[in-house]
Amino acid sequence: NAGVTQTPKFRILKIGQSMTLQCTQDMNHNYMYWYRQDPGMGLKLIYYSVGAGITDKGEVPNGYNVSRSTTEDFPLRLELAAPSQTSVYFCASSASGVSNSPLHFGNGTRLTVT
Amino acid sequence: QQQVKQSPQSLIVQKGGIPIINCAYENTAFDYFPWYQQFPGKGPALLIAIRPDVSEKKEGRFTISFNKSAKQFSLHIMDSQPGDSATYFCAASKRYGGSQGNLIFGKGTKLSVKP
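Chains as they are written, first to last, in this note's numbering: chain A, 1 to 114; chain B, 1001 to 1115.
Hints were generated in silico from the structure; no laboratory data involved.
Treat the hints with care, since some could be wrong.
For lysine-lysine, the following DSS-like pairs were computed, each having C-alpha atoms within a straight-line distance of at most 27 Å [stated by the list, open to error]:
| no. | chain 1 | residue 1 | chain 2 | residue 2 |
| --- | --- | --- | --- | --- |
| 1 | A | Lys14 | B | Lys1042 |
| 2 | B | Lys1057 | B | Lys1094 |
| 3 | B | Lys1068 | B | Lys1110 |
| 4 | B | Lys1068 | A | Lys44 |
| 5 | B | Lys1058 | B | Lys1042 |
| 6 | B | Lys1005 | A | Lys57 |
Same shape as in the complex, but just chain B (with noise of 0.2 Å):
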C-alpha cells in the first residue's frame, strides 16, 4: 500500500516530442503528488505537483494528468527539448502525515531528448 509504481524505467524520444511518464498509487490516504526532475550530478528538484481535487494542472510545458478513480498519474512533457534531459521521479505523500518522512518516491525514469 505504501508503493509508487513508476513506467517507463527509460525512455526516449526525439525534439518536439512528448514524453509521458505514468506513475500508479495504492493507498488512498495520499493527497499529494509531487514530481521531481534530477540532472546528472545533482540533486532532484520540485518541478510540479497536483491535488487529486483536480484532474490536470499545467505549468509550461510541463503537465500532471491525474485520475484519482484509477489511482493514476502522469506527467506529460510538450514540446520537448534536449535540456529536459534528466531521470524524473513521481512521489506521493499524505498531507498531514507528520514530516516529508512520508514521502513515497518512484524509482525514476531516465529520458533523454535527441536533437
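Excised from the complex, chain A in its bound form (with noise of 0.2 Å):
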C-alpha cells in the first residue's frame, strides 16, 4: 500500500518557468489537499478538494492551480514561477471532511526557484 506519492522529490525551477507538481493515493480517498511548509512557519493550505470535479481555494493559492479529474490524482500547477513559491510542498489524502479524519501525507516536493 504506497498512500500518497509525489513527484518529482526536487526540482530547480527558473523564475516565469511552469511546472506540474504530481500527487496520487491509492487509498480512494475523497478529501485530498495541497500544504507548502516554509521554515519555521508551519503548513499553508494552498488547495484542497473534496472529490474528483470539485476543487476549493486555501490560505494561500495565489499562483498555483489545480485540477481533480479522478479520485486518485490531485496535480498542483505552477504557472509563473516566482522565487517566493521555494518551498516544501506536500500532498495530503483525508477519508473525510470530519475532523477526526486523519490527513495522510506524501513525502513532498522540495521546490526551488531562482
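Using the hints, put the two chains back together into the complex; each one sits in its own frame.
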C-alpha cells in the first residue's frame, strides 16, 4: 500500500517557468489537499478537493492552480514560478472531511525557484 | 481567531527527559486538537489527538494535556529517546467544518533528544 505518492522529490525552476507537481493516492480517499511548508512557518493550505471535479482555495492559493479529474490524482500547477514559491510542498488525503479523519501526507516535493 | 500559537520553536533534551510543547488557540469553535510528527525528509504523520471533553489523553509515551478554560493544550513525551527527534506540529479544527481545509497548524517545534 503506497499511500500518497508525490513526484518529483526535488526540482529547480527558473523565474517564470511552469511546472506541475504530481500527487496520487491509492486509498480511495475523497478529500485531497496541497500544503506548502516554509521554515518556521508551519503548514499553509494552498488548495483542497472534496471529490473528483470539485476544488476550492485554501489560505495561500495565489500563483497556483489545481484540477481533480479522478479520485486518485490531484496535481498542483505553478504557471509563472516566482522566488516566493520556493518551498516544500506536501500533498495529503483523508477519508472524509470530519475533523478526526487523519491526514495522510506524501513525502513532499522540494522546489527552488531562482 | 484562526491562529494556533506553538512554543517553543526548538527544544533540546537529554535521553530520558520529558520535553513539553505548548499550544494556544483563540477560536472557541475548535473542538479537535491533533498533533503531527514529522521526521526529516518525510511528510507529517498523525501522532495523537484529543477532544475538549477530556483533560488528558495518553498513547504510549505521548500525552496530551488539555485546558479548555485557558484554551491551551500541550504534548508531553515521557522517557524521550533519540528516535523521538523530529518536528512536532499542533493543530486545531472544527469537527464539522466541512473539510480538513479548516485544520489550522502551529508553526512547529523541532525536538532534538541527545543520547
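Against the structure, the hints come out as follows:
Straight-line distance between C-alpha atoms of A/Lys14 and B/Lys1042 comes to about 25 Å, which keeps the hinted pair within the 27 Å bound. Distance check on the hinted pair: B/Lys1057 and B/Lys1094 sit about 19 Å apart at the alpha-carbon level, within 27 Å; holds. Proximity of B/Lys1068 to B/Lys1110 is assessed by CA-CA distance (about 25 Å); at most 27 Å being required, the pair is judged to hold. Simply put, B/Lys1068 and A/Lys44 have alpha-carbon atoms about 25 Å apart, close enough for the 27 Å limit, and the pair holds.
Distance hint between B/Lys1058 and B/Lys1042 is fulfilled; the C-alpha atoms sit about 24 Å from each other, no more than 27 Å. The suggested pairing of B/Lys1005 with A/Lys57 holds, with an alpha-carbon distance near 23 Å, which does not exceed 27 Å.
When each numbered hint is compared with the structure, no violation occurs for any of them.
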